[in-house]
Amino acid sequence: MTPNNTPPVQRRIDGLALFMSRIAGWVYVACAMMITFDIIARNFFGFSSKATVELSGYALGLGISWGLAGAFVARMHVRVDMLLEKLPRSPRAWLHLLALLLLLGFLGVVAYGVIYLVNDSWEFDAHDLSALQIPLWVPQGAFTFGILALIGVVLVALVRVVRLLLAGDPDGVNAVMRQKSASEEAEEAIEASHAAPATAVAEGRAC
Amino acid sequence: ADTKPLEITAVTQVGPLFPQYTKVDIPILRDELQAKSGGKIKVKLASYPEMNVGGPEVLRLLRSGQIDIGAVTLATASGDVPLLDGFDLPGLNNSIPQARKVADALAPFADEKLRRLGVKLIATYTYTPQMLFCNRPVTGLGSLKGLKVRVAGPALGALVESFGGQPVSLAFGEVYTALERKTVDCAITGVGSGNSAKWTEVSSSLYTRIISGATAGYLVNLSWWTKLDPSLRTMINDSLMKVQEAQWKLADEATQDGVDCNVGNAAKCKIHALATHPMTAVKSNPADDATVKAALTDRILPDWVKRCGPDCGDIFNRVVTPVTGVAYKK
Amino acid sequence: MLALAIFALIGGALFLAGTSISVPAVGAVLFVIAFAFFFAAGVHIAAALGTLGVMFGLIYLDRPFWNFVGEIVWGPSTNFVLVAVPLFILMGEIMLRAGLSDKLYRCLALWTGRLPGGLLHTNIIASGVFSAISGSSVATAATMGSVALPYFARTGYSPRWVLGSVAAGGALGNLIPPGITFILYGLMTETSVGALYKAAIGPSVLVVVLFLLLIAMHGMKDRQRAEHAASWAEKFRSLLDLVPTIILIVLVLGSIYVGWATPTESAALGVVGAIAIAAISRRLDWKMLNESAVNTSHVTAMLGLILFGAYILNHVLTHLGVPRAASEMLKGLSMQPWIAMLLIMGFYIALGTFMEGLSMIIATTPVIFPIVLALGYDPVWFGVVVTMAVEIALISPPDGTVLYVLQGMRKDGGSLSDVFSGVMPFVFVYILAMVMLLAFPQIALYIPNLYK
Ligand code: NA
Ligand code: NA
Chain E
1 MTPNNTPPVQ RRIDGLALFM SRIAGWVYVA CAMMITFDII ARNFFGFSSK
51 ATVELSGYAL GLGISWGLAG AFVARMHVRV DMLLEKLPRS PRAWLHLLAL
101 LLLLGFLGVV AYGVIYLVND SWEFDAHDLS ALQIPLWVPQ GAFTFGILAL
151 IGVVLVALVR VVRLLLAGDP DGVNAVMRQK SASEEAEEAI EASHAAPATA
201 VAEGRAC
Chain F
1001 ADTKPLEITA VTQVGPLFPQ YTKVDIPILR DELQAKSGGK IKVKLASYPE
1051 MNVGGPEVLR LLRSGQIDIG AVTLATASGD VPLLDGFDLP GLNNSIPQAR
1101 KVADALAPFA DEKLRRLGVK LIATYTYTPQ MLFCNRPVTG LGSLKGLKVR
1151 VAGPALGALV ESFGGQPVSL AFGEVYTALE RKTVDCAITG VGSGNSAKWT
1201 EVSSSLYTRI ISGATAGYLV NLSWWTKLDP SLRTMINDSL MKVQEAQWKL
1251 ADEATQDGVD CNVGNAAKCK IHALATHPMT AVKSNPADDA TVKAALTDRI
1301 LPDWVKRCGP DCGDIFNRVV TPVTGVAYKK
Chain U
2001 MLALAIFALI GGALFLAGTS ISVPAVGAVL FVIAFAFFFA AGVHIAAALG
2051 TLGVMFGLIY LDRPFWNFVG EIVWGPSTNF VLVAVPLFIL MGEIMLRAGL
2101 SDKLYRCLAL WTGRLPGGLL HTNIIASGVF SAISGSSVAT AATMGSVALP
2151 YFARTGYSPR WVLGSVAAGG ALGNLIPPGI TFILYGLMTE TSVGALYKAA
2201 IGPSVLVVVL FLLLIAMHGM KDRQRAEHAA SWAEKFRSLL DLVPTIILIV
2251 LVLGSIYVGW ATPTESAALG VVGAIAIAAI SRRLDWKMLN ESAVNTSHVT
2301 AMLGLILFGA YILNHVLTHL GVPRAASEML KGLSMQPWIA MLLIMGFYIA
2351 LGTFMEGLSM IIATTPVIFP IVLALGYDPV WFGVVVTMAV EIALISPPDG
2401 TVLYVLQGMR KDGGSLSDVF SGVMPFVFVY ILAMVMLLAF PQIALYIPNL
2451 YK
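Residue numbers (this note's numbering), protein chains in the order written: chain E, 1 to 207; chain F, 1001 to 1330; chain U, 2001 to 2452.
Only chain E is shown next, with the shape it has when bound in the complex:
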């Protein structure tokens, strides 16, 4: 996932980001279970949770935001780079820097907005309208934390890229910032489909 020459600090940070996305992923699994439970309870046992809509919404919010940093570490955030790929290595390295700076600027605005939101909900003691009356600052605070974590990993990448640029190592920058190509994504899908032992098909057995 990360190049072999990754410094240990970087590894630890990447590990943390991936740990957060693992939590985000399992939140989705839990969410599926909760909704399924609600469906079964409603259809067969005559009751239903009165907050599934709200809780699933928060699960999605947490899932999105806590997966952001891990997705960055796994180079999943999409860029359109038709021109980038065709440039010589040095200008390409500087454009990577530009991408990081704009991403940080954008995330800064988003972070300001969500912190404002949490503060607002806290100050006005806002609750949701579900039966659980959840204070909104709780899910919104968790959501904000995920965005701050993404800012953290982007900052770390920025420091790394600036250092490499100052050291006159554009190839290093390009290696760090290299985007995941469609073919790499494909490779992962293929790996996943072979994760299980060879199938009966390969043995040519009919059904």
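Misleading hints may appear alongside valid ones.
Taking lysine to any residue pairs in the SDA-like style, the calculated list, with each CA pair at most 25 Å apart, reads [claimed, not checked]:
no., chain 1, residue 1, chain 2, residue 2
1, F, K1198, U, N2079
2, F, K1040, U, P2064
3, F, K1182, U, F2037
4, F, K1227, U, N2079
5, F, K1044, U, F2037
6, F, K1120, E, L129
7, E, K86, U, F2037
8, E, K50, F, K1120
9, F, K1227, E, F124
10, E, K50, F, L1017
11, E, K50, E, W137
12, F, K1249, F, S1284
13, F, K1198, U, G2202
Covered stretches of chain F, going by a simulated chain E footprint (3 or more residues, C-beta under 8 Å) [to be verified]:
no., segment
14, 1068-1082
15, 1093-1105
16, 1168-1179
Calculated from the model, a selection of chain E residues having no Cβ within reach of chain U, i.e. all distances over 12 Å [said to hold, decoys possible]:
no., residue
17, T6
18, P7
19, R11
20, I13
21, F47
22, L55
23, G67
24, G105
25, V159
26, V162
27, P170
Keep in mind the hints are simulated off the structure, nothing from the lab.
Each residue gets a CB set at the ideal place from its N, CA and C atoms; glycine is no exception.
Following the hints, put chains F and U with the ligands in place on chain E, whose structure we already have.
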């Protein structure tokens, strides 16, 4: 002197074709106010979808000063100001004039509490009241026993439970399919909103008892309002007062019209869309009265006071009890 | 080059609208240039959309819109309807790792293998059946490809046609309900997902039939069919192998149909069903479930970030009155609506050649949708058009994820150009289906209109 006119941004109503928008807001709040001001006021008016927002966002838009005037159902803000739920607790108002009386009684208290959010309540209005849409025959709330009913919020849930029904929480956008596929047997919403969401296509019985209201308000950004030039403020206030009267009158007409349109009574259907799959109207059943009243006083009202604080109970008894005869017992 | 087409379109809308709103023509031109530069320079799509929104807001809006950004991103991030997106992705990841597809394929091969075109039909039909569970095209292609490709080793089938038909089958994943594209589109345009699913039935059948005809025509010429003719007993016995797939279809689509679950909820049933079936086929372990969960979180986060940027840009453009002005402008022009619609379709197909399909929807819908409404087209119908555009994007060279999936699965060491040239006839047929949908909107709207 040729000064720049005051530009007011207002976001009101759930759809650009809603009668509350086309018959009241556009002619009075926008056109008439502009004309009367003699060029001193310019109104930029839009409905929710035109600004790509929903009710809760309108409230936030207003508070953060993106817009100056906003119209939202009071329930939208009840997570922040629980008193607002007191305007239309399920079972409290069984007619539009009755809902108006309660709104007038509670409005000053609501305004007081809303100041905390940086907004001011200037005028009230109402959407068409909430009724029961079912995809099977019903004779009243008594038929809800064992049925799955989509409700928004715990108070309506309590009412449904007191009749032995099972309240279900579903996103509004999923209710159409849920009624069609019989995921739920019934759903409660405004008789007009059910019409515009085309629930008539997927449900057969409309129980015409008013189950709950949908009182709403015209709110303004408080700091904008206080900084306004006093003569302009009076002008805007007068306009909103006129809007208030027009909206309550419209609501009274629209309630019956909503029923007529939903049951396919073409001659009387003027405001809403005539249902292509007419529903059957079921008259309000007096047998429901006792249970509704008990649910209100024993469960819904105490739950609300618990959420809202003891002073809500006092306010209720002081101003709402005289106009409804319903009292909160500690 | 193609990118310029988009920017010209968005910029053109801004420009046309320039007279009636507070953005001068210079602003519109700047917008287009900045957009084109950000895109070509490899700026993250989310940041490109968001930064432009913020820049425009700072220059032209006189309200403190930055205080509203939190609400802008929080709203869609917690919308219940959108919950179905990660759930469908998760289900696809689990089914992929559980190898749920081989029995389905082998069984269908017995039934379709003797037609002219032989096993190539199986590729389409098996993928189509799988698509009735899966909401994701990449998952469909990867799952069916891993089974189908080994089947063709040491046969006389042309590798191009094998790869092309498997890719085309994958591109049914979103179109045949359920589908993630419909959910995203429904969220962004407030269109009912249930209605979109109904509207997709006609076009799905059309695309499948056109694919089968294409294969049959090719098969008549090349006389390809399976060598082994299965007996009826064999055929019927094989139906047992369809049981797991049918159970999942019943869970996902059947639960909506009989009213146990809403379209959103059915995605959750699908996840639980996929886990159960993986467990029964002894493919379930913590590692695979964990990998599925992590991948789901990354894909969803990627989409979520773009959603943030798109919603910020959308908020600013809406408050500037751009969509409204642009659509009023369009109403004023005396252009035939169908010409405008052809342009929009062409724009999507062009954009799709180099952009990932789902991000394409999120990034463009807020600008395009009001225009489509102004042209007088049905939102449900357009949802199907957009979904077909996304499917075409996924299989159109040079940047189609599905194509890379298949190339990576090949064991014969052939070149990528086989995949590219193999899929082209199917891409053209898909585009033909889109044009037919324009000419005969009833293909999509007949079934949803049965209720009106
Ligand atoms: Na599908
Ligand atoms: Na493509």
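Here's how the hints hold up against the structure:
no., hint, verdict
1, F:K1198 to U:N2079, "22 Å, holds"
2, F:K1040 to U:P2064, "24 Å, holds"
3, F:K1182 to U:F2037, "52 Å, violated"
4, F:K1227 to U:N2079, "37 Å, violated"
5, F:K1044 to U:F2037, "34 Å, violated"
6, F:K1120 to E:L129, "22 Å, holds"
7, E:K86 to U:F2037, "14 Å, holds"
8, E:K50 to F:K1120, "32 Å, violated"
9, F:K1227 to E:F124, "23 Å, holds"
10, E:K50 to F:L1017, "32 Å, violated"
11, E:K50 to E:W137, "20 Å, holds"
12, F:K1249 to F:S1284, "22 Å, holds"
13, F:K1198 to U:G2202, "23 Å, holds"
14, 1068-1082, "holds (count 4)"
15, 1093-1105, "violated (count 0)"
16, 1168-1179, "holds (count 4)"
17, T6, "19 Å, holds"
18, P7, "23 Å, holds"
19, R11, "17 Å, holds"
20, I13, "16 Å, holds"
21, F47, "15 Å, holds"
22, L55, "9 Å, violated"
23, G67, "3 Å, violated"
24, G105, "6 Å, violated"
25, V159, "18 Å, holds"
26, V162, "17 Å, holds"
27, P170, "14 Å, holds"
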